[in-house]
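These protein sequence lines map, in sequence, to chains Y and R.
Note that the working numbering has the first sequence beginning at 1, numbered continuously upward.
Note that the working numbering has the second sequence beginning at 1, numbered continuously upward.
Rather than coming from a laboratory, the hints here were simulated on the basis of the structure.
Fair warning: there could be bad hints in the mix.
Same chains, same names: a pair is fine if it fits in one copy or spans any two.
Only pairs whose alpha carbons sit at most 20 angstroms apart, straight line, appear in this in silico SDA-like list of lysine to any residue [to be verified]:
{"hint": "1", "residue 1": "Lys273", "residue 2": "Gln48"}
{"hint": "2", "residue 1": "Lys273", "residue 2": "Asp37"}
{"hint": "3", "residue 1": "Lys23", "residue 2": "Ile120"}
{"hint": "4", "residue 1": "Lys283", "residue 2": "Ser215"}
{"hint": "5", "residue 1": "Lys283", "residue 2": "Thr262"}
2 protein chains.
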Amino acid sequence: MPFHDRPVFPRGFRCASRNIGLKPTAKDLALFVSEVDAAAAAVFTRNQFPGAPVILGRETIRGGRLRAIFANSKVSNVATGERGLEHARRMAAAAAAEIGCAPEQVLVSSTGVIGVPLPIDTIERGVRGMIADLVADPIAGAEGIMTTDTYPKALSLSLGEATITWVAKGSGMIEPNMATMLAYVFTDAALDAPALDRMLRHAVDATFNMLSVDSDTSTSDTCAILANGLAGPVDEAAFQDALTAGCLRMTELLARDGEGATHLLRTTARGSKDLREARRIAKSLVNSPLIKTMVYGADPNVGRILMAVGKCVDCIIVPATTSAWINGHEVLRDGY
Amino acid sequence: MPFHDRPVFPRGFRCASRNIGLKPTAKDLALFVSEVDAAAAAVFTRNQFPGAPVILGRETIRGGRLRAIFANSKVSNVATGERGLEHARRMAAAAAAEIGCAPEQVLVSSTGVIGVPLPIDTIERGVRGMIADLVADPIAGAEGIMTTDTYPKALSLSLGEATITWVAKGSGMIEPNMATMLAYVFTDAALDAPALDRMLRHAVDATFNMLSVDSDTSTSDTCAILANGLAGPVDEAAFQDALTAGCLRMTELLARDGEGATHLLRTTARGSKDLREARRIAKSLVNSPLIKTMVYGADPNVGRILMAVGKCVDCIIVPATTSAWINGHEVLRDGY
Numbered sequence: 001m002p003f004h005d006r007p008v009f010p011r012g013f014r015c016a017s018r019n020i021g022l023k024p025t026a027k028d029l030a031l032f033v034s035e036v037d038a039a040a041a042a043v044f045t046r047n048q049f050p051g052a053p054v055i056l057g058r059e060t061i062r063g064g065r066l067r068a069i070f071a072n073s074k075v076s077n078v079a080t081g082e083r084g085l086e087h088a089r090r091m092a093a094a095a096a097a098e099i100g101c102a103p104e105q106v107l108v109s110s111t112g113v114i115g116v117p118l119p120i121d122t123i124e125r126g127v128r129g130m131i132a133d134l135v136a137d138p139i140a141g142a143e144g145i146m147t148t149d150t151y152p153k154a155l156s157l158s159l160g161e162a163t164i165t166w167v168a169k170g171s172g173m174i175e176p177n178m179a180t181m182l183a184y185v186f187t188d189a190a191l192d193a194p195a196l197d198r199m200l201r202h203a204v205d206a207t208f209n210m211l212s213v214d215s216d217t218s219t220s221d222t223c224a225i226l227a228n229g230l231a232g233p234v235d236e237a238a239f240q241d242a243l244t245a246g247c248l249r250m251t252e253l254l255a256r257d258g259e260g261a262t263h264l265l266r267t268t269a270r271g272s273k274d275l276r277e278a279r280r281i282a283k284s285l286v287n288s289p290l291i292k293t294m295v296y297g298a299d300p301n302v303g304r305i306l307m308a309v310g311k312c313v314d315c316i317i318v319p320a321t322t323s324a325w326i327n328g329h330e331v332l333r334d335g336y
Numbered sequence: 001m002p003f004h005d006r007p008v009f010p011r012g013f014r015c016a017s018r019n020i021g022l023k024p025t026a027k028d029l030a031l032f033v034s035e036v037d038a039a040a041a042a043v044f045t046r047n048q049f050p051g052a053p054v055i056l057g058r059e060t061i062r063g064g065r066l067r068a069i070f071a072n073s074k075v076s077n078v079a080t081g082e083r084g085l086e087h088a089r090r091m092a093a094a095a096a097a098e099i100g101c102a103p104e105q106v107l108v109s110s111t112g113v114i115g116v117p118l119p120i121d122t123i124e125r126g127v128r129g130m131i132a133d134l135v136a137d138p139i140a141g142a143e144g145i146m147t148t149d150t151y152p153k154a155l156s157l158s159l160g161e162a163t164i165t166w167v168a169k170g171s172g173m174i175e176p177n178m179a180t181m182l183a184y185v186f187t188d189a190a191l192d193a194p195a196l197d198r199m200l201r202h203a204v205d206a207t208f209n210m211l212s213v214d215s216d217t218s219t220s221d222t223c224a225i226l227a228n229g230l231a232g233p234v235d236e237a238a239f240q241d242a243l244t245a246g247c248l249r250m251t252e253l254l255a256r257d258g259e260g261a262t263h264l265l266r267t268t269a270r271g272s273k274d275l276r277e278a279r280r281i282a283k284s285l286v287n288s289p290l291i292k293t294m295v296y297g298a299d300p301n302v303g304r305i306l307m308a309v310g311k312c313v314d315c316i317i318v319p320a321t322t323s324a325w326i327n328g329h330e331v332l333r334d335g336y
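Just chain Y, with the same shape it has in the complex (with noise of 0.2 angstroms):
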């Protein structure tokens, strides 16, 4: 897919940042809108400790429209109790009043440190006046919901008349399930909610759901795509297509840039008896600390291969005929 050098926002979309003193200095809050309401669905964290805003979010997306996602990083609001949901639900009405729409109508996210009070009344104040900031460029939201992400993540690309835009953020903590750490999508595309879900669903489980920096999955997840339709319709399998692309090309970003990352690894598992075991190899290898170690290393081990692929112990693999190959390179065939 041909993405675009520098990532614009589609029509109608636009995002703004701010640090307000959750961090020192760097960005820390980030306001995304969307100028008509856009239809929407969203995927979270399957850890059973969500966070309050995966939890109001989950209520939210019921609604299946938004106008906008308001998100803080360095607080996750994440094992605050009720007083956190109550938190997350003014973080909601403070940029909902900014805005000028209904509280359920703004997404919210934290990402940060867990189980710390959310300073909600810094963010109610840090939201005022955001409206005048907001610009056309992704990659102003993407700087206000860093962690230790090394740089800002933001890509797009044009189909038709349409353009579909990502912005997300990853590092530590990262092994998505049914999800993945935030990252948003943005459409000028138009298609109804419970398209936009089917097709969220369908690109995350095949891409951000396969990623792994550390095996850790986190409490705060979120995975949310936004279309206003300002672009008029397009054909659902060319944007299925494009999108299941995109959310693969940030895969590889979020993992590239994981926390302590040198290398990139990429698996795939052929000749196996479903889509699910292959998903289950394929894990089961960029898990493995001794894989893992083997890539750093630059130092190539069979045995390491056979063991990861073996301990699959719910899959069906037949040793004698078991190949492997590392770059290219068959280091394994029919079994040694």
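Given the coordinates of chain Y, assemble chain R onto it according to the supplied hints.
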């Protein structure tokens, strides 16, 4: 359980080890012999690329009687195809000839590099005359099976008239699944093979199967028990308790001496629905890279504990009634 200050063997068991040139100078061959037939049981790795010694061992243990365990370190005889299996059989035959028993009464183990042919000629020559070296010190045998272990591991205790002795090696590629690395248990208690099998599985499930150094499951894991009966019958319940206690102590020795390990992490899960969920949650904690780095850095982080518990999506987790302690200090009460 009162372990002996210096490990001893039960009546009728002796061992020897040698350097035969598989390693530059360290011991690389070990022979454990009972002077009379012993009832025996064993569990092996569930990795789907089992080594040739594991494939042969599953066949051997069906007889339920052993005279000896014969093991080499440095080369694991894994991913070596039909020839590897033939080498494992030749290894059993060579030890049997030296001892004067049937090859079916010798359990063989190999540990070390995967995918390299076993130097079977060297081993066949190396075992000759080894019977003359047999001593009653289990440390001698433990030395012969070391890979990157920093010291030889053996334990023993008395149970009435009987003695139970454990010899094991661990280090890397360690998250046993229905077995462990190489761990041998010797006793002069009189117990039949079915009882040994039942008690060994019970002990291993609660001990070696809960061990993790690096979350990677070896292709060679083997845990065997030999009971030669020379001390007469024992109370089975007392024997089970002692067997489990020794396996637990050995599990902690293996964890403490894990490759690169500087800390021992013990987790206790309480109030879970059943034992399966308790084990699942405890394993999620010890295998989490973010928990490991927290312990290594001595930086208690409640968010990482929540995360590791919450990512057990197949367990019942109720955040509002979840509490956590680190070294006896409550760090989380009722979810936050």
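Hint by hint, here is what the structure shows:
1. Lys273 to Gln48: between (30 angstroms within a copy, 15 angstroms between copies)
2. Lys273 to Asp37: neither (44 angstroms within a copy, 45 angstroms between copies)
3. Lys23 to Ile120: within (14 angstroms within a copy, 63 angstroms between copies)
4. Lys283 to Ser215: both (9 angstroms within a copy, 13 angstroms between copies)
5. Lys283 to Thr262: Classified as within: same-chain Cα gap 19 angstroms, cross-chain 27 angstroms, threshold 20 angstroms.
When each numbered hint is compared with the structure, a violation occurs for hint 2 only.
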